[in-house]
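Engineer: Here are the chains, one letter per residue:
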Amino acid sequence: MSPSKLDLLQGTLDLMVLKTLSAMGPLHGYGIARRIEQVSGDEVLLNQGTIYASLVRLEQRGWIASNWGVSGNNRKAKFYAITVAGRRQLEEDALHWRRLTDVMDRVLDLNNEPGDLPEAEGDPA
Amino acid sequence: MTRRLLARVWAFFFRKRRDADLEAELAAHLDFAIEENLERGLSPKEARREALVRIGGLQQAREKHRETRGLMKIDIVMYDLRYTLRTLRRDLGFTIAAVLILALGIGANVAVFSVVNTLLLRPLPFTNAHELVWIAPPPTKCGLSCATYSTDAYDEFRTGSRSFQDVTGYFAFSSPDNLSLTQNGEILPATSIDVIANFFQVLGVQPAMGRLLRPEDGLNGASPVIVLSDAWWRRQFNADPNIVGKTVEINHTQVTVIGVLPASFDFGAVFAPGTKVDAITALNLYGPPRDWGNIITMIGRTKPGVTLPQAQQDAAAVAPRMCWNNKRPDTCGSYKDGVVPVPLKDYVSGRLRRSLIVLWSAVGMILLIACVNLSNLLLARSTARSKEFAMRAALGASRARIVGQLLTESLVLSIIGAVAGLGLAWMLLYWLAHQGSVALPLLSTLHIDGAALAWTVLIAVVAAVLFGLAPGLRVAMGNLHESLKDTGAGSGQGRKNELFRSVLVITEVALASVLLVSAGLLLRSFVRVLDVDLGFESTHAAAINAIYDDSVPGDKTGDLTEQKRAVIFQQIIARVESLPGVQAVGISDYLPLGQNRSWGTPLPKGVTPPKGNIAGPLVYVVSPGFMRAMGTRVRGRDISWDDGPHSQQVAIISQSYAHFLAGLAKWPNGDAVGQTLNNGTPGGLQVIGVADDVHEESTEGDTGWQIYYPATQNSPNGAQLVIRSTLPPATLANSVLMALRSLNPKQPASEFRPLQTFVDHANSPRRFFMLMVASFAGLGLLLAAIGIYGVISYTVTRQTQEIGIRMALGATMGRVQRQVLSGTLRLATIGIALGAAVSLAAARLISSLLFATSPWDGVTYIAVALALLAVAFVAGYLPARRASRIDPMVALRAN
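Protein chains in written order, with our numbering: chain V, 1 to 125; chain X, 1 to 895.
Quick caveat, the hints were computed from the structure, so don't treat them as lab data.
Any given hint could be a false lead.
[Said to hold, decoys possible] Covered by chain X, per the in silico footprint, the following chain V stretches (three or more residues, Cβ under 8 Å):
| hint | segment |
| --- | --- |
| 1 | 26–39 |
| 2 | 73–82 |
[Stated by the list, open to error] Result set (DSBU-like, lysine-lysine): computed pairs, CA atoms no more than 30 Å apart in a straight line:
| hint | chain 1 | residue 1 | chain 2 | residue 2 |
| --- | --- | --- | --- | --- |
| 3 | V | LYS19 | V | LYS78 |
| 4 | X | LYS746 | V | LYS76 |
| 5 | X | LYS387 | V | LYS78 |
Beta carbons are placed, not taken as given, at the ideal position from N, Cα and C, and that holds for glycine.
All chains should be modelled from the sequences, with the hints used to inform the complete structure.
Structural biologist: Pasting the structure below:
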């Protein structure tokens, strides 16, 4: 794996999983992991194993539900689907995330307007 | 939140299923990945490798999954638990020693807690027991007669008082074995108490079967009914489930069984400790007892919300209106200041409060000694294991984890010890509950209840923290890495440990010395009590309840009855006296240290009675020969068969009563013998003899006054046949019973009781507490000895090298031994001094329990100090001997 890949921020994986399930409908663990990797254009460094910890956490909170089923190529797999509570949570979290990135964007853009910076006080030494 | 917690707990308990689920999911995941990789054209081997890399390690995925879904903390605890059990199993010797010490400490504590809880803390086993009061005058010398009321007085109090829901009582003068039950042709003795018919309503006792007494059962002409105790119903009637409604033959009359009492109600356990009461019968207040004088004890139930002072005020207001006999107005007001309600609980067990507190403190000290011992053991163990801890710390275990591990170990030991201790306590309580002869209230109701279990858990946890703290703190504060390098001997850490251990030993010795001093003082008191001159010889004499029928139909004057009784008594005495080995025989209706009563105070003629209440002499109606059979010395002459109904009325009085009378009458020489007292008859009452004072109520208290009347001039309340013989009672019992049966076929198989049993019964509470404290002191001494031995021998082991060097430099074996021993004795001496100081300070607590013994009794203190020094010497000698045998060459090469 190339070193330039993104390390996932704490808590972002749960949001990604919720959004993926919301957009794609029921999926199994591998499907979710692959979908996230594809959407990110293989930019995130996803330890596929960690997806299962995320899934169990979301399920315990009642945001997703799981069921054993059969995949397209006739393989037995556990399928996850988002619940009503999960959709509400997704909306909330997405909003929160957008506000956060918005703020981050604005803060990071500050550097590009030098006029706004106060004069740095000269060091007498 | 709760949902999440539930899910986690759920996952924790069904981990197997969740693990299997996860495995299947991960397998499916791998299959998908491999399939996709194969499609991308990778070789099967490469496809699998790539898939495994992407998943980021199967084990990590599993761990992460478990951590998220379950209860990590509990997992750790479970792991610690398993580890602890493994290490404890490996170190079996240590584990057994620790569990044994804890079991003894905790077991003693749980047992004593149960006793304290039953006797002191828990309310009496009645509904709303706090409302119940015992109504009696302040304690006096004249026994039960001064603590009871006449039926007229009872009626006046019951109707005249306003703060009581109801008042009841029972006949206080029933003697043991007052019933004869005829069953399958056999006549068996039993004991019943007559109670006022509302007795059970007032106490709030419900029947286990049938019904209890109703007011109509106590009226004139009521058909005779009986209520059985649970124990008697089981023992004598084989727990017959259809007993209610059946008739039984009691005292040769058909009596209907109306009910069975619950097992939780034992009359004897509450009102007459140490005696068994088999049945309850109704007292007819309006029959003959009407004129028997003071016969009823009073028990009241206050109205809700009435305080004790209010009830006492109310009672004091009614008292002056109460009459001994309504037909004699001069007796009205005689109960003034003599009607005082006290909580029933205080009456039943209030006197024992001090003893129980001492007992409780004693077991508390045992637990402390046990904890100190365990602390010592664990400390030695943790020092030996310090390298293991250091290693684990080096491998990444946090300090909290290691301390947690140590505390888990203490807790596990404590729990195993508590379970074993609970077993010990159960056995001890079972034994205590079946000690029918110990005169302590409620003893037969002892058992391990919820409170005792809760107490067990509490002390187990407290003990675990107490003894687990020292080793835990040592690990928490010490530098773990240092111990990897530390070889032990002489390093700073080692010295600090040594000091801590010395403190532990001193504490232990001090605690043991406090216990031993208390036990010693109680023991000396007990010996002093046994030495008391009771006024009669309790050895080589026994008593049996003899049944006789002196009724003469149509006897108006009572003369014929008295003549018939004289004949019966003479026959009995003559027959029993002729048995081989019998030295003296006599009859009395009551015996000292048993039942008692008084009949007023005969005074010399022409003397004005002194002001104030006089506690009248206790009355014994006796036959000739009784004083000799009892071994009570009499100056003057004994009662004779010639003292008949029509001759001069005579009596023997006790020394202190005679002294009191002599002071009033100013007799020449102060001698009462031959003087005449006023008893309301024209001829008066002649004093024919003066007898030794007898301890009639207790072996320890002051003696009161006694008066002995001839059974041929007064009517006795039964006949206790006293036989003095050098033969053992067991061999005599049968022939005496045969003799009685040959005279009266209705004689039941009454118990043949050595007089010593009355004395033992009276002494039983003191004996009980003395034995308990003494065994705890013995246990404390043993634990202290083990503790000293443990510490000294550990110190010797640690100093093996040092001792080796010293011996190599020329120290002799004797010198090494002396050094180790003097160290031990120094610690013991400091401990003894501390213990003695604490004992002196605590003397006030124990002084009220002592009899003719000072709480600062020098002999006891010196004996305890010597005993402890001797034990310390022995405990220290073994390691000292080992130290002196150290081979310098071997010691120096070791390590």
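Engineer: With reference to the structure, classify each hint as holding or not holding.
Structural biologist: Verification of the supplied hints:
Check on the segment 26–39 of chain V: 6 of its residues sit with their Cβ under 8 Å from a Cβ of chain X, so the three-residue criterion for coverage holds. Counting residues of the segment 73–82 of chain V whose beta carbon lies closer than 8 Å to any beta carbon of chain X gives 5, which reaches the threshold of three, so the coverage claim holds. Pair hint LYS19(V) plus LYS78(V) holds up; C-alpha atoms about 18 Å apart against a cutoff of 30 Å. Distance restraint check for LYS746(X) and LYS76(V): the Cα-Cα separation of roughly 93 Å exceeds the 30 Å cut-off, and the hinted pair is therefore not satisfied.
With a C-alpha separation of about 48 Å, the suggested pair LYS387(X) and LYS78(V) falls outside the 30 Å cut-off, and the hint is violated.
Against the hints set out earlier in the document, violations occur for numbers 4, 5.
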